[in-house]
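Fit chain U to the supplied structure of chain W, relying on the hints for placement.
Residue numbers (this note's numbering), protein chains in the order written: chain W, 1 to 307; chain U, 1 to 275.
Please note: incorrect hints may appear among the correct ones.
What the hints assert, rightly or not - Residues on chain W that point at chain U, a partial pick, calculated with CB under 7 angstroms: (1) Val12; (2) Ala15; (3) Met22; (4) Val29; (5) Ala30; (6) Pro33; (7) Thr37; (8) Ala120; (9) Ala126; (10) Ile127; (11) Pro128; (12) Asp244; (13) Ser260; (14) Ala263; (15) Val273; (16) Ser280.
Claimed, not checked - Computed Cβ-Cβ distance ranges for the label pairs, DEER-style: (17) W:Ser9 - U:Trp58: 57 to 63 angstroms; (18) U:Ala13 - W:Glu203: 24 to 30 angstroms; (19) U:Glu48 - W:Ala162: 29 to 35 angstroms; (20) U:Glu48 - W:Thr253: 35 to 41 angstroms; (21) U:Asn134 - W:Thr109: 48 to 54 angstroms; (22) U:Ile49 - W:Thr109: 37 to 43 angstroms; (23) U:Glu164 - W:Gln195: 25 to 31 angstroms; (24) U:Ile170 - W:Gln195: 35 to 41 angstroms; (25) U:Pro252 - W:Glu65: 53 to 59 angstroms.
Simulated from the structure, these hints should not be mistaken for lab results. All C-beta atoms, glycine included, are put in the ideal place defined by N, C-alpha and C.
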Amino acid sequence: MPRRASISSQRVRAAWLFLSPMLVILAVVAFWPLGRTLYFSLTNATLVDMTHYDFVGLSNYLAYENGRWYGVLSDPQWRTALRNTLVFAIISVTLETILGVLIAVLLNTTFRGRGFMRAAMLVPWAIPTVVSAQMWSWMLNDQFGVINDILLKAGAISEPVAWLADPVLSMASIVLVDVWKTTPFVALLALAALQMVPKDCYEAARVDGVHPVRVFFHVTLPLISPALAVAVIFRLLDAMRMFDLVYIMTGATDATMTISVLARRELVDFQDVGYGSAVSTLLFFIIALLTSVYMVAMRLDLGGKRP
Amino acid sequence: MRHLLLRVAFAIACGLLLVFLLFPLYYALLTSLKSGSELFRVTYWPAEIDFGNYIRIWSEQSFARNIANSILVSTCVVGISLAVALTAAFALGRVRFAGRSTLLYTILGISMFPQIAVLSGLFEVIRVFGLYNNLAGLIFSYMIFTLPFTVWVLTTFMRDLPVEIEEAAILDGLGPFVIITRIFLPLMAPAMAATGLLAFIAAWNEFLFALTFTLSNEQRTVPVAIALITGASEYELPWGNVMAASVIVTLPLIALVLVLQRRLVAGLTAGAVKG
Numbered sequence: 001m002p003r004r005a006s007i008s009s010q011r012v013r014a015a016w017l018f019l020s021p022m023l024v025i026l027a028v029v030a031f032w033p034l035g036r037t038l039y040f041s042l043t044n045a046t047l048v049d050m051t052h053y054d055f056v057g058l059s060n061y062l063a064y065e066n067g068r069w070y071g072v073l074s075d076p077q078w079r080t081a082l083r084n085t086l087v088f089a090i091i092s093v094t095l096e097t098i099l100g101v102l103i104a105v106l107l108n109t110t111f112r113g114r115g116f117m118r119a120a121m122l123v124p125w126a127i128p129t130v131v132s133a134q135m136w137s138w139m140l141n142d143q144f145g146v147i148n149d150i151l152l153k154a155g156a157i158s159e160p161v162a163w164l165a166d167p168v169l170s171m172a173s174i175v176l177v178d179v180w181k182t183t184p185f186v187a188l189l190a191l192a193a194l195q196m197v198p199k200d201c202y203e204a205a206r207v208d209g210v211h212p213v214r215v216f217f218h219v220t221l222p223l224i225s226p227a228l229a230v231a232v233i234f235r236l237l238d239a240m241r242m243f244d245l246v247y248i249m250t251g252a253t254d255a256t257m258t259i260s261v262l263a264r265r266e267l268v269d270f271q272d273v274g275y276g277s278a279v280s281t282l283l284f285f286i287i288a289l290l291t292s293v294y295m296v297a298m299r300l301d302l303g304g305k306r307p
Numbered sequence: 001m002r003h004l005l006l007r008v009a010f011a012i013a014c015g016l017l018l019v020f021l022l023f024p025l026y027y028a029l030l031t032s033l034k035s036g037s038e039l040f041r042v043t044y045w046p047a048e049i050d051f052g053n054y055i056r057i058w059s060e061q062s063f064a065r066n067i068a069n070s071i072l073v074s075t076c077v078v079g080i081s082l083a084v085a086l087t088a089a090f091a092l093g094r095v096r097f098a099g100r101s102t103l104l105y106t107i108l109g110i111s112m113f114p115q116i117a118v119l120s121g122l123f124e125v126i127r128v129f130g131l132y133n134n135l136a137g138l139i140f141s142y143m144i145f146t147l148p149f150t151v152w153v154l155t156t157f158m159r160d161l162p163v164e165i166e167e168a169a170i171l172d173g174l175g176p177f178v179i180i181t182r183i184f185l186p187l188m189a190p191a192m193a194a195t196g197l198l199a200f201i202a203a204w205n206e207f208l209f210a211l212t213f214t215l216s217n218e219q220r221t222v223p224v225a226i227a228l229i230t231g232a233s234e235y236e237l238p239w240g241n242v243m244a245a246s247v248i249v250t251l252p253l254i255a256l257v258l259v260l261q262r263r264l265v266a267g268l269t270a271g272a273v274k275g
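Pulled out of the complex, with its shape left as it was, chain W reads as follows:
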């Protein structure tokens, strides 16, 4: 018995030793910078000189001076960016989930060329986001783009459309590219979940003569929804921090600017570390809040309990 105890305590000591490289790296690369960003948001630091700054309290967030409100929370650009981010996240994730499940159902049947189809699905996902952004910018080009050419030839539009300049269409274009790029991810996760649904569930329904659509909504969907909920939260988190597509396709225009794009512009282009950090920190808290609400609402248990 004492030997066993000593082995297990030895193992625990070894465990902490093995954890230490990861803990050190994560501390330096994640926790410390996060804390520093939070701290910078309370200062007037600039990018030129990050060592000399004054503590300014919460005035980067909100301040009242000479009869006017200042700070991120009163900044109309921030509100626009927040609205854009939420609109983008909600629309794109909804579309990706619906399309992803539809495609997964399609691929869950056996047919010739299914393997090829599955391989093709990985293509948009494997293409670097920057490359996708450039490819689609070129396809959506108002003068020489292939999308306008196709639509003109099909008679769907009578003159070329400025996809990336029009306020509504530019957001729609960004959503389209994101849907193109990430629906396959949702579809693959949904497909994996579908394949774990026991076959007899379908058998029983088929014997009872239940319509396939009813089977889908009453049997399949409830069974795959836990896996789907996880996929959706991953996608939502990703969508809330959207940066690359917007930065490359439309830049910092009011119609599409997301919070990440706004934060980087304040931080790097305008060199205002204090203000930029406040924008970043608010995004962090918004995401943390949304995640907790979602996890409670979905009663998600992401696995910590299972040893």
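Leaving out everything else, chain U in the frame of chain W:
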């Protein structure tokens, strides 16, 4: 009759989906093989094949250097993440200790950090270490998204291996380090290949940090180079060059993904579904 109609509808749906998935890449390839005024005429089939753009990006831009940078950064990121994650996953997946699930949740929490939330703090750290405009700074900063993910996936795999595997080794008096390298490493190889590839892709595609922490063309990675390719004039984007560069960095990645398809899907879904 109804059955036949259904099959036709199904085939059409599949066909449309395929076109939607693959057409952008096809069109990029088509564009990359055109030059001059041909570029600005929309065509759907290659009329003549011109490798001019491919030659130009190698000779006029520092594209070769950018590719070398990306390969170096991604390889180092994968190597370091896997080594650190394997030992951490052993501790988290095989040893019972107080605070383990808190730690797992914390790691999951880090993978939810928006990258922008650490940008200014990380900028400071990188400057203090003298790593600004240096590939080492990128390798270091990429740990924030590759490490939590690799630890998480490897832990789920490690946890599912039967206890008996280790018991014999423990009775033989082998230490944990030997157990990890001799017993778990071979068993974990498939999982490590999949997570390694996912980490490689994540590092290869990363844009925000690479854009912010590098300054000169020589230190840029491929995504930044492609985003910032400039033409003869400020207002004219050299679409031919951009598409040629895009095709070059995409095709190897797609080849890799298709070859490792099965394992990749297993790795992707293990992270989400099993967790």
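Taking the hints in turn, this is what the structure says about them:
{"no.": "1", "hint": "Val12", "in the structure": "holds (5 angstroms)"}
{"no.": "2", "hint": "Ala15", "in the structure": "holds (4 angstroms)"}
{"no.": "3", "hint": "Met22", "in the structure": "holds (4 angstroms)"}
{"no.": "4", "hint": "Val29", "in the structure": "holds (5 angstroms)"}
{"no.": "5", "hint": "Ala30", "in the structure": "holds (5 angstroms)"}
{"no.": "6", "hint": "Pro33", "in the structure": "holds (3 angstroms)"}
{"no.": "7", "hint": "Thr37", "in the structure": "holds (4 angstroms)"}
{"no.": "8", "hint": "Ala120", "in the structure": "holds (5 angstroms)"}
{"no.": "9", "hint": "Ala126", "in the structure": "holds (4 angstroms)"}
{"no.": "10", "hint": "Ile127", "in the structure": "holds (5 angstroms)"}
{"no.": "11", "hint": "Pro128", "in the structure": "holds (4 angstroms)"}
{"no.": "12", "hint": "Asp244", "in the structure": "holds (5 angstroms)"}
{"no.": "13", "hint": "Ser260", "in the structure": "holds (4 angstroms)"}
{"no.": "14", "hint": "Ala263", "in the structure": "holds (5 angstroms)"}
{"no.": "15", "hint": "Val273", "in the structure": "holds (5 angstroms)"}
{"no.": "16", "hint": "Ser280", "in the structure": "holds (5 angstroms)"}
{"no.": "17", "hint": "W:Ser9 - U:Trp58: 57 to 63 angstroms", "in the structure": "holds (60 angstroms)"}
{"no.": "18", "hint": "U:Ala13 - W:Glu203: 24 to 30 angstroms", "in the structure": "holds (25 angstroms)"}
{"no.": "19", "hint": "U:Glu48 - W:Ala162: 29 to 35 angstroms", "in the structure": "holds (30 angstroms)"}
{"no.": "20", "hint": "U:Glu48 - W:Thr253: 35 to 41 angstroms", "in the structure": "holds (38 angstroms)"}
{"no.": "21", "hint": "U:Asn134 - W:Thr109: 48 to 54 angstroms", "in the structure": "holds (52 angstroms)"}
{"no.": "22", "hint": "U:Ile49 - W:Thr109: 37 to 43 angstroms", "in the structure": "holds (39 angstroms)"}
{"no.": "23", "hint": "U:Glu164 - W:Gln195: 25 to 31 angstroms", "in the structure": "holds (28 angstroms)"}
{"no.": "24", "hint": "U:Ile170 - W:Gln195: 35 to 41 angstroms", "in the structure": "holds (36 angstroms)"}
{"no.": "25", "hint": "U:Pro252 - W:Glu65: 53 to 59 angstroms", "in the structure": "holds (56 angstroms)"}
Taken one by one, the earlier hints all hold for this structure without exception.
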